[in-house]
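Using the supplied hints, reconstruct the complex from the two chains, each of which is provided in its own coordinate frame.
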Amino acid sequence: MAMAMTIRNAASRRAMNPISADFSLRSMSSWWKNVEPAPKDPILGVTEAFLADPSPDKVNVGVGAYRDDNGKPVVLECVREAERRIAGSSFMEYLPMGGSVKMVEETLKLAYGDDSEFIKDKRIAAVQALSGTGACRLFADFQKRFCPGSQIYIPVPTWSNHHNIWRDADVPQKTYHYYHPETKGLNFSGLMDDVKNAPEGSFFLLHACAHNPTGVDPTDEQWREISQLFKAKKHFAFFDMAYQGFASGDPARDAKSIRIFLEDGHHIGISQSYAKNMGLYGQRVGCLSVLCEDEKQAVTVKSQLQQLARPMYSNPPLHGAQIVSTILGDPELKSLWLKEVKIMADRIIGMRTTLRESLEKLGSPLSWEHVTKQIGMFCYSGLTPKQVDRLTSEYHIYMTRNGRISMAGVTTGNVGYLANAIHEVTKSS
Amino acid sequence: MDSVFSKVDRAPEDPILGVTVAYNNDPSPAKINLGVGAYRTEEGKPLVLDVVRRAEQQLVNDPSRVKEYIPIVGLADFNKLSAKLILGGDSPAIQESRVATIQCLSGTGSLRVGAEFLKKHYHQSVIYIPKPTWGNHPKVFNLAGLSVEYYRYYDPATRGLDFQGLLEDLGGAPSGAIVLLHACAHNPTGVDPTSEQWEQIRQLMRSKSLLPFFDSAYQGFASGSLDTDAHSVRTFVADGGECLIAQSYAKNMGLYGERVGALSIVCKSADVASKVESQVKLVVRPMYSSPPIHGASIVATILKSSEMYNDWTIELKGMADRIISMRKQLFEALQAKGTPGDWSHIIKQIGMFTFTGLNKEQVAFMTKEFHIYMTSDGRISMAGLSSKTVPHLVDAIHAAVTRVG
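Sequence order for the protein chains is A and B. Each residue of the first sequence is one higher than the one before, starting from 1 at the first, in the UniProt record's numbering. Each residue of the second sequence is one higher than the one before, starting from 1 at the first, in the UniProt record's numbering.
Hints may be right or wrong, so weigh each one.
Covered by chain A, according to a simulated footprint, are these stretches of chain B (three or more residues, beta-carbon under 8 Å) [as the list claims (entries may be wrong)]:
hint, segment
1, 11-17
2, 45-57
3, 65-73
4, 135-143
5, 253-263
6, 270-282
7, 291-300
The following residues of chain B were derived to be distant from chain A, with all beta-carbon distances above 10 Å [what the hints assert, rightly or not]:
hint, residue
8, S28
9, S91
10, Q95
11, V404
It is worth saying that the hints were derived from the structure and are not from the lab. The model shown is predicted, which means the values in this text are computed figures rather than measured ones. From the three backbone atoms N, C-alpha and C, an ideal C-beta is built for every residue, glycine too.
Extracted from the complex, chain B is given alone in its bound form (with noise of 0.2 Å):
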């Protein structure tokens, strides 16, 4: 019998999850992998945060735990303290009750069901997102049925923010559209706004009543702190205004492949966000019925616990310092090699990517003779260096640079 599929294309491989195929098929002991963001000791090894070990030793040790359906907005306390954490413990809004939080699987569903219920529940359907961005927002928004718009925001020749453009193109807005803000840490550029520059960004789209959507992917990754990487979405809830938020615990608490996240809708009241919540479900129910239990029972024990929650911020700027000191290496490697250009947007850009600036002939031609793995964008994921191997990058770039257009 035919298959009615039978007419079926292959579908290309993701871009960013392809690398990591790619780099495993590569034979060579010189490969670095610089392409999905996940983090890297300095041994070059994944990391299971103690503290994540410590609180799945407990769930595991006791017997009353069972693994029944959690409910369809997911676990209660995971989400009050979530909202604690990108919020603040003394938000007005969470006081208020003005805040229905939602647990789902990382950003990606956090921005999906978020977006489903804008497209069912909100006056615009349009969305603006920065250029360049993560390469699986538009999918997100455009399978939720929302069209994408791109609002400038990364500058080549500065390697920085073109905080003109991104002022006109939201300017230029249609009032009420949706608006796709980076926390902090931009992906793939690591440029973010400073806060002078956020206080614009907040009051332009007041003034035009452009609906905020942060992706929190970073929190703690950019600077160290918690609280410093959620000032900008600090800052815009405390004018009082409405806005959604999608926040990650794959980065900062290492939980990945457990698809831990929660999508937060700051509403006006305790009544609307109530009957927000409701609705939400609805979106839920017929995605997946209910989010996964483990790796938020994970985030609810480390977070509940004082002693967990301090040890957690000393893993998490532990991973952040590294960082840190990894783009303060690369950079002063290519100083001292002479390596032609300016560089000095490694230690100007924050968190976990460094946008390089390389372009796909130069990206292609280090992954071809230098068994390099990153995106053909340009970007490479800071925490897959290591000071070992450094120097082979170093050596890449100065290649690439030198040698391909």
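The shape of chain A in the complex, shown without the other chains (with noise of 0.2 Å):
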């Protein structure tokens, strides 16, 4: 009571003043003054620079994000068409906590097939996230939640936001071996010694296709013997599938792997993400599913899933799963979809050839052969942080450090340009 007397006091003495007058309030310090700058993320920290970078020989092979042979970012054909049926729609309310139901219900069947029986036994436990980034997360905070004492395995190299997603759910990581540097490709044996090593129940990040940021993939045979070693071990399966459709141009063939490990009987985990392979990058739409024993226990998960998500964001954004709905619910626009994505993967895979002819004809006394065998949009060059810096400074040609190279950025237009700089820094090697 007194301190209320005390207060109603002082507020009528405070009323004559103004508020500025509050000179103890200046004369503190901010509450964030220990508050350190925080380090540029390494991958989109690149197309910063890129972007504040004058000179008109400019080359931007670092951020995924697709472009046109005239080096244009591209908004497919079918995106636009679904926009306009969209606009105008009178409905902007809330989604439920798992997503629009139909977005969710046709990227299943991307991921497990249109025939699958796991969507017909509704087996599978599916919300709509953001984007593929979004659905790991939510898949990192559910493994905390439930399966407490676990690891997460990663691949090295990695998407290097991975790590971040994990640790910010607070699982544990280890690591796994992938890339041979020697051969710039697969390194099986490696890779298996550590499958085999890890102990009984482990689980695992697989990049289903178009690793990133490689561009190496297991073959087939591979793949089947990696889910038969899976199987003994009795290890989970998380794939992240944020490529489908970019790596071969045909997604029934990049979700090989998963079908391989569906087939073997594995109870997997998939991250989908429609950044890349619709365009939608800014929209932020993607798919988190998780195969269960049963149609019950799909129920149950989802309804842990949702208790992750709605403390985070509530619900997830509405347009891009209308635009993903629309397209995929009609059978002329998936169609042209389909179209789409063939032509944007063939021309990466006309880049990563001319590419190499043009080095190979400087003389280049290096072997670039994974160019043209590594797939997807990226391409690990085997540039060194050194040379990369090189390209940088001497030819403001932009890539993050680790030599990765965006394929997507090449064009006939600057192929030539950057053969020749990669030639320059890597002759004397």
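Quick look at the structure:
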């Protein structure tokens, strides 16, 4: 009571003086004065630097966003048409916590197959997620909550944000061998050893296709062997599929690794993204799915995934999901989409060939076979950080310091300049 | 093969969103959904604002628009305009570049990102939240790793503010504790402090170095005026101190499903604000990388056009006025029916919700016998009412109050 009286009296005195006379407040220092400036994100920081560069010759082969042969970003025709149909919709209400049911249904068909028995039997717990990042994060949080003693095995190398995701979810990380620097291909025996030596029932992160950043994928035969070993060790396989359609141009082909594991009876988890294959980067639309024992368990698991989404963002964004449903739900638009994905994939495959041939024509002492062997948006060039820095400072070519080149940023207009620059910084190797 | 998740239990339905699920499953033609706080017209239809339609059409018709990743912190012009909206165009904090604004996924996302930042960088990990508050608040803060304490807020006896209790509880909080404040139109009670009471709260909080975290989900909805509804936030910022603000465009622009909002962190200096922003990026990147482009583009389009902005304020006032009129109609109808009790809180409370004072049993009765869907704490969404449905609700309340304990 006394305090309230004091405050009331103070308030009436205070009313005579403007608020700006609160000298005590102004002399207080900030709560945040000990906050350190954070390091720039290694991937997204590249584009920031590129944009700041005034050179007319500059080339951005950093972030993995597709460009056409004129170096321009692309909005797919099927997406534009879908947006025309959606505009003027009278629905802008909240989606359910698990997102758009229609969008999720169509998305599961892409990963599990149109006629998947698992879809028919309703054994898949699935929620719309914030693109691939959001799907991975929800899974990591779910893993932490329901398998609290578990760790995640992550390939070396991997997309740098994978480490951030599982770290922020508080799930301890281990690595497994993946890339072979000597062959610039897969270190298959190293991978299998690590899978064998991991404790039974370990969680593994696998890139379903078009491994980021290396572009190195196991063959079908190798996937089968990996799957068999996983079975013997009772490991959990979590697939990050961010490039379905982009690797070979054929979405069914690109989901082969997943189909192999499903055939072998694994209860897998999958993160799917429409950022690249539908060009919906900024819409943040994707899906997290977990294959369960039966329908009852799928309902249960889905309910728990929703409990993790609710305190993060309540429910996922509508627009991207509407675009996906509109396209995949209309046979003509879906067919147009498949054509457009193939065009993007083919352009990238074409640029790989051109880049390799250009380097060979320049008389490079090194082998550039890996440029055409690797698959998907990225080429793991083998360039060292020092060589990458030279490419940036001397030639205004921007890529991540691990030597990863986004082939989507290579065009007939810049491939010659790029090949020449790479040759210059590597010819004395 | 056995699932590694076979021991997982089914989670309970979300109490708020679960109401709509139950409503949708009810075949009765008399049903009324007074659950989730989404605006409805007099005809009971959801509303896409005309100005939003126009903004969307503009975006669709612009062939130069691309859909690439936007920066981790979101669209720059959206962020600037959002800070201006809540702080006022003449805010010294903005002029001095002391505000770090990050586009987030509506109010929920802004709260969660802010809470995660506080957990990492603030010296206190306890947050005081009002009793009662939006059901999702404690979950958001718990998952961010903060511990939650309550301060007294609602007085069931008066159906108004327990101001003494509030001052005592905040007065007893440890120095530096974080305090969640509903900027206006408190959810679920509709009870707001007066401006004199806000001033006392401000002084108490500053004297104890308590850190304000404003949740502003209804700017424009409470009184119909964007400036009036921002008053509490602006007086805190005007004293030069620091605070966090979570803004949502779900209700005031009807952009619910697009998940548009912003987190603003008002700092002491531009240098600190810049460092703070860089650290918030590290929270966002492993959560969803960058926020969704569509809703924020609509908001930016509207806020940067003076014509569209004006049209928006008119539509916003229209929504607020309809809600105020529903309060009046409900109150007068209860008076006319002679329903026992004092129902004046219906017109004293403000914003989308009325905390009726009905108890769990009465609510369950109203759902079962009258197909009225509302949250079990007695909260009704005024936006879900229309002149046509007021009589049915009055019958239900009257029956509940006279027949159920």
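Hints, verified against the model:
1. 11-17: holds (count 3)
2. 45-57: Holds: 7 residues of the segment 45-57 of chain B have a Cβ under 8 Å from chain A.
3. 65-73: holds (count 8)
4. 135-143: The restraint on the segment 135-143 of chain B holds, since 5 of its residues have a Cβ under 8 Å from chain A and three suffice.
5. 253-263: holds (count 6)
6. 270-282: holds (count 8)
7. 291-300: Our answer is that it holds, as 5 residues pass the Cβ test (under 8 Å) against chain A, meeting three.
8. S28: 21 Å, holds
9. S91: Non-interface label on B/S91 holds, nearest chain A Cβ at 13 Å vs cutoff 10 Å.
10. Q95: 14 Å, holds
11. V404: 31 Å, holds
The structure meets every hint from the earlier list without exception.
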